[in-house]
Structures are given as structure tokens and as C-alpha cells.
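J.: So you can see what is in the structure, the chains are spelled out below.
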Amino acid sequence: MHSRAQFGKWGEDVACRYLAQQGYTILTRNYRSTFGEIDIIVEKKGEITFIEVKSRKTLMFGTPAAAVTKSKQTKIHSTAFQYLHTCTKRYRQFWFDVVEIYVVDGKTTINHIQHCF
Amino acid sequence: MYAKTYGETTCGIDGEEIIVEVDIANGLPGFDIVGLPDTAVKESRERVKAAIKNSGFRFPSVHITVNLAPADLKKDGSGLDLPIATGILLGTGQITCANIDDIIFAGELALDGSIREIKGILPMIMRAKEVGKKEIFIPQGNTAEGELVDGIIVYTPKTLEEMTKHLNGNIKLTPLPKHELKLDSNYPTQVDFSDVQGQIVAKRALEIAAAGGHNVLMIGAPGAGKTMLARRLPTILPPMTEEEALEVTKIYSISGLLSRTRGLVLERPFRSPHHTISHNALIGGGSVPKPGEVTLSHNGVLFLDELPEFSRSALEVLRQPLEDGFVTISRVQASLSFPATFILVSAENPCPCGFYGEDDGVHECTCRPNEIERYQKKISGPLLDRIDIQIQVPRLNYKDMKNTLPVESSATIRTRVKAAREIQLNRLKGTKLHCNADMGHKEIKQHCSLDFQAEVLLEKYFVGLGLSARSHDRIIKVAQTIADLDASRIITGRHISEAIQLRTSNQG
Chain W
868 MHSRAQFGKW GEDVACRYLA QQGYTILTRN YRSTFGEIDI IVEKKGEITF IEVKSRKTLM
928 FGTPAAAVTK SKQTKIHSTA FQYLHTCTKR YRQFWFDVVE IYVVDGKTTI NHIQHCF
Chain E
633 MYAKTYGETT CGIDGEEIIV EVDIANGLPG FDIVGLPDTA VKESRERVKA AIKNSGFRFP
693 SVHITVNLAP ADLKKDGSGL DLPIATGILL GTGQITCANI DDIIFAGELA LDGSIREIKG
753 ILPMIMRAKE VGKKEIFIPQ GNTAEGELVD GIIVYTPKTL EEMTKHLNGN IKLTPLPKHE
813 LKLDSNYPTQ VDFSDVQGQI VAKRALEIAA AGGHNVLMIG APGAGKTMLA RRLPTILPPM
873 TEEEALEVTK IYSISGLLSR TRGLVLERPF RSPHHTISHN ALIGGGSVPK PGEVTLSHNG
933 VLFLDELPEF SRSALEVLRQ PLEDGFVTIS RVQASLSFPA TFILVSAENP CPCGFYGEDD
993 GVHECTCRPN EIERYQKKIS GPLLDRIDIQ IQVPRLNYKD MKNTLPVESS ATIRTRVKAA
1053 REIQLNRLKG TKLHCNADMG HKEIKQHCSL DFQAEVLLEK YFVGLGLSAR SHDRIIKVAQ
1113 TIADLDASRI ITGRHISEAI QLRTSNQG
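Chains as they are written, first to last, in my numbering: chain W, 868 to 984; chain E, 633 to 1140.
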């Protein structure tokens, strides 16, 4: 695996551990559709959340969350609706979150931005 | 975090206070501006972002919403960059300032954080003072305008960083000193009436026009000196009053035509648009109306050379401002009134070839009668009716032209004009009028007294020439100016007959 892809995978693993600690149940990882991919899909108290994970090793180019552009958001939207169509369980509510992870000076910071688009 | 600052935009020729609200909330990084911004205001996003970063501050990586209130007023111009940036720095705690509600910010930001000059600073400062603000921050490039208003502290920071340091109390900027308004200075001119030999009648007519603010039409063959005479009119105009000068400066400030070194416009404006001008450019226009030539020549002279060459629509739109002294322009975005009190000076040839009526025995008019008629009909009756002084400018003969006799200089004529204008200002004290031409029917009845002989003459001409009610008033106004030049309290028969002669020399 390419090192950049590896770093992204590592970020998603970190995010999963963090979400599990927060009481989320992980439903799927890397759900793909023709529109795009959702990194993590989790559930908590009957509500479903679609999560995009962004990891960075430097803040020189802005925070990771700034890279979740409008077009990326549209892709995630479409994929999420595809998922909701195919799944049998009904949820009270659905959300879109971003988890940004950055490693600066060997220190890992996790920032969970809830319900952001 | 929530923060509120105050900025200004321009609306017509006045400033308008804008409340800039900044909300800084968690969420995906973003920056939205709401509140009817135009393109220049929307683009301020990128300028503000870069300026904050490059001034050594932190641009928050969160969601920023900027609201410009009142929401229904269209905001234009880049002057809101500074209040928006200040709001963000306040909201993120990078500025702490207790009296932020007493301050107005106005200025465009460069990407490196320096503050660039903007249009319309003078009306903004005047408005800020009116609404009771105590301080205003303006760009250094607008210093000249900042010195004109008394009663408000004006700061001119060079950069955003400098302004922030001042607000935080780290450094102390020195407020701008106040500039004394000196109006009666004899500004140097490159032309002078002493350059013009002969043309006694035309010079007298222009002197009367300058003294009373009357409109002039000069008719003559090509090369007779019509344009030369008109260009010298500004040199004999009386100095502006302080009120007039500020009004003109406001207009020029909004149009971005002020020179950077000198704040106040001291000379009366002299505008001579080319005859291909559109009627929109003449009276003002645009989706957010901008002042046109009639407004730019407010309190000054609008010179239309080759009058019949102007498009019909351009000439006809002049009728209303000539009568009312202001124009109201209605567009989708706004309906605005601009002042437009000016002296209309125009020049034309008597026919297409230019020599109709010339009796020197050398030049023969080669135009057909219908051509002459068509040419003269290009200027409508209603427009001519509004021109008080219509004179023939004959060609000079060789002897007059080579004459070396001393000719009266502009300065001498100006002294007489000033004295006459002084009398008028005294007479019209307490009103908003400045000269005889501004008077309406009511003022004429109140101020102008004709002696017996004058009454008789006026009646004779009124009936004989079939004058309109407007012409009647206008003849009295010109006669009043002639009387003022004479320092006479009442209008005598001589004054009335000169006024009638000036008006009707063209009509036979």
C-alpha cells in the first residue's frame, strides 16, 4: 500500500477507536457507491451518522476540515442516500460529521465536528 | 463568539451607516457574507482573509458569518473590508477595545494588510459625525478629505496591524489635524480674459452670467472665439461659499475624482463633455445610480460645445435639471436625487456651414434654407426658453484682432462679479439659494422691484414678442443681476432693456 494511503487508513483507524470510545456503534467502513465513498458509518441512540475522516501531518495548508469541499460534500450526500435506500433498518435522524486528525510534532489531535453539513 | 463593528457605505451623495455583525461558530471552515453585498463586497472575503493572515494574526479555521445591516440597503464599494476584518479580530479576541461602538471603520484592505484609499470618504465622515460617532479610521490615502470635517477624531492608520495595536492600546496614533477652509484664494489659471481682443458684447454677457448664474448660448461662425470665451468663464466666477465647496467636494469624493493632495475643491467645476455623450452619462445612471455630468458641474459650469451635434435625447434630459436644480434617477437598486445647479454655457453655429448671417462680403452661406431650418430646429423651444442669455458672437475683423490696447483682465471682472454676488447672497440670506438664477417665482415677487419705466418696457415686450411666463421671470432675474452689477437697488428701464436684448438677440 502507498504510504499516503496507509496514513489515511491509519487516520480512519484512529477515528474508529475514538468513536467507539464515544459510544458509537460502527456499522460499516469504506462504504462505496457509484457516487463516491463514505469513510465510516456509525449509529448511536437510533440516529445514523455518516463520517468523513481527514488526516494531515502538517497545518501548512489549512486545517484538514477545510479540505472537505462543497463537491466532496455532495458526493457524500449522494452516497449516504444510496446507503439509506439499501439498508432495512429505519433511523430517527441522520447526520453528517467530519473527524479531523492532525499530527503535529508527534502529537495526535482529534477534532470531531458534529452535524456540519 | 459574536462581535459588532460599524462601517459606512455611500447612498447618493451621502454616507450611510452600516452595522457589521460577525458570528464565529464551530463547523466546517467557511466565510459567508450576507446582507445584500455587491461583487466588490463579496470579494472582500478573500482580501480580509489574506490581510489578517499576512498581518501576523490568526484567521480562525471555523465558520464565520458576516451580516451587513440594514439588510435591505445595497452595499457597494470595498470600504467595508476594514470593519469586517476588525469584527473578525474582535470576535476571536485578537482585539480588545471598550469603545468600539463609538468608532467607524472605512477602508479597503490590500492582501499584505495595508489599508487602501476608497471613494466617498468625505460624505462618510460627515455622516459619522451626524450620527454622533466619536472616532473614524480612514485610509492614509484619503488624508486630504479627513482634514475637512471638524468635531470628530480622524485616524489614518497605514496598516491593519497598526490600527489593531492602537485599538489594543499598544501604540498611540496621532489624530489628523484640522485644516482651515480657505476659500477666497486666487488660484492660478492658465487662461485669462485679457487674451481675448474685442468681443465686448460676449464678455459683458458672460460677466452677467457669472454674476447671476444664468445660462448662456453663444451663436457664431467657426473661429469667432466662442470656445475661447467659454473656457475663460471659470476665471471670473465668484468663489464658492463653504457650504457650496463641501457639496462639490462630496460629489467628487463619491465619483473618485478628488486629487490626493488637495481635499477641498476650491474652484468651481467646469465640465465640457464631448457631443457624443449619452443622456445617461449626462444626467447620471447605472444600476446603482452614479452622478452624471450635470451633477459633476454642480455649482459650476457645464459647457456644451457644438450644441446641435448633441443627441436629441441628451439635450432634452437637461430640461428638468435646468429648471429644478436637481435630478432624481430611479433604477432597480435605488432611486436617488443628485444636486444639479449649474450654469449651462453652450455654443453653436448658425447653420451647418457656419456662415449664415455673416455680412463680411467674403463668406457666403452655402446651406439650403431647409438645411438651416433643420439645423436650428435641433434645439427645441423648451430648451431655448430656459437659456436666459442668447448672444451672437461675430467674427473679429483684422484691425480688432491685431489691437494691442490693454484689455480688462479676469481679475478685474471677477471683482465686479464678486461684489454683485455678495449683494445677492445678502438678499437671499436665510434661504438655500445662492444667486439670482436660483430664485423662484415667489422670491422674484418678494425681492425684485421694477421702476415705472421698467414695468412699461417689460409689458411692451411681453405682449409684442409673445413671451412665456417663464421667460417673464427669467428676464426679471437677468435684469436683477444687471442691477446688482450696477449696485442699484431697483431695476430700471435700462436694466430691463439690456436683459431683453440679451435674451432675444437670436430670435430676431
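In case anyone wonders, no lab produced these hints; they're calculated from the structure.
Honestly, I wouldn't trust all of these hints.
[Stated by the list, open to error] Heads up, simulated SDA-like pairs for lysine to any residue below, C-alpha to C-alpha not over 20 angstroms straight-line:
| hint | chain 1 | residue 1 | chain 2 | residue 2 |
| --- | --- | --- | --- | --- |
| 1 | E | K681 | W | I893 |
| 2 | W | K937 | E | P661 |
| 3 | E | K681 | W | L926 |
| 4 | W | K939 | E | V694 |
[Claimed, not checked] One side of the interface only, derived from the structure: several residues of chain E facing chain W at Cβ under 7 angstroms:
| hint | residue |
| --- | --- |
| 5 | G659 |
| 6 | L660 |
| 7 | Q772 |
| 8 | G773 |
[What the hints assert, rightly or not] Derived list of chain W stretches under chain E, where covered just means 3 residues or more per stretch with a C-beta under 8 angstroms from a C-beta of chain E:
| hint | stretch |
| --- | --- |
| 9 | 953 to 959 |
| 10 | 977 to 984 |
A quick note: this is a predicted structure, and the numbers were derived from the prediction, not measured.
All C-beta atoms, glycine included, are put in the ideal place defined by N, C-alpha and C.
J.: Tell me if E:Q772 is really an interface residue toward chain W, meaning its C-beta lies closer than 7 angstroms to one of theirs.
T.: Since chain W brings no Cβ nearer than about 32 angstroms to E:Q772, farther than 7 angstroms, the hint is violated.
J.: Is the Cα-Cα distance between E:K681 and W:I893 20 angstroms or less?
T.: violated (38 angstroms)
J.: Would the hint linking W:K939 and E:V694 be met if the CA-CA limit is 20 angstroms?
T.: holds (18 angstroms)
J.: Under a C-beta cut-off of less than 8 angstroms, do 3 or more residues of the stretch 953 to 959 of chain W approach chain E closely enough to confirm the stated coverage?
T.: violated (count 0)
J.: Closer than 7 angstroms between Cβ atoms is the bar; does E:G773 clear it against chain W? Give me holds or violated.
T.: violated (32 angstroms)
J.: Compare the distance between the alpha carbons of W:K937 and E:P661 with 20 angstroms, and conclude whether the hinted pair is satisfied.
T.: holds (11 angstroms)
J.: With a C-beta cutoff of 8 angstroms, work out whether three or more residues of the stretch 977 to 984 of chain W approach chain E closely enough for the coverage to hold.
T.: This one holds; 3 residues, not fewer than the three required, reach chain E with a Cβ under 8 angstroms.
J.: So if I understand the rule, the pair passes when the alpha-carbon distance is 20 angstroms or less; does E:K681 with W:L926 pass?
T.: Cα-Cα ~16 angstroms, so holds.
J.: Regarding the hint that E:L660 lies at the interface with chain W, is the smallest CB-CB distance below 7 angstroms?
T.: holds (5 angstroms)
J.: Would you check whether E:G659 satisfies its interface hint, that is, whether its CB is within less than 7 angstroms of any CB in chain W?
T.: holds (5 angstroms)
Going down the numbered hints, you'll see the structure goes against 1, 7, 8 and 9, while the others check out.
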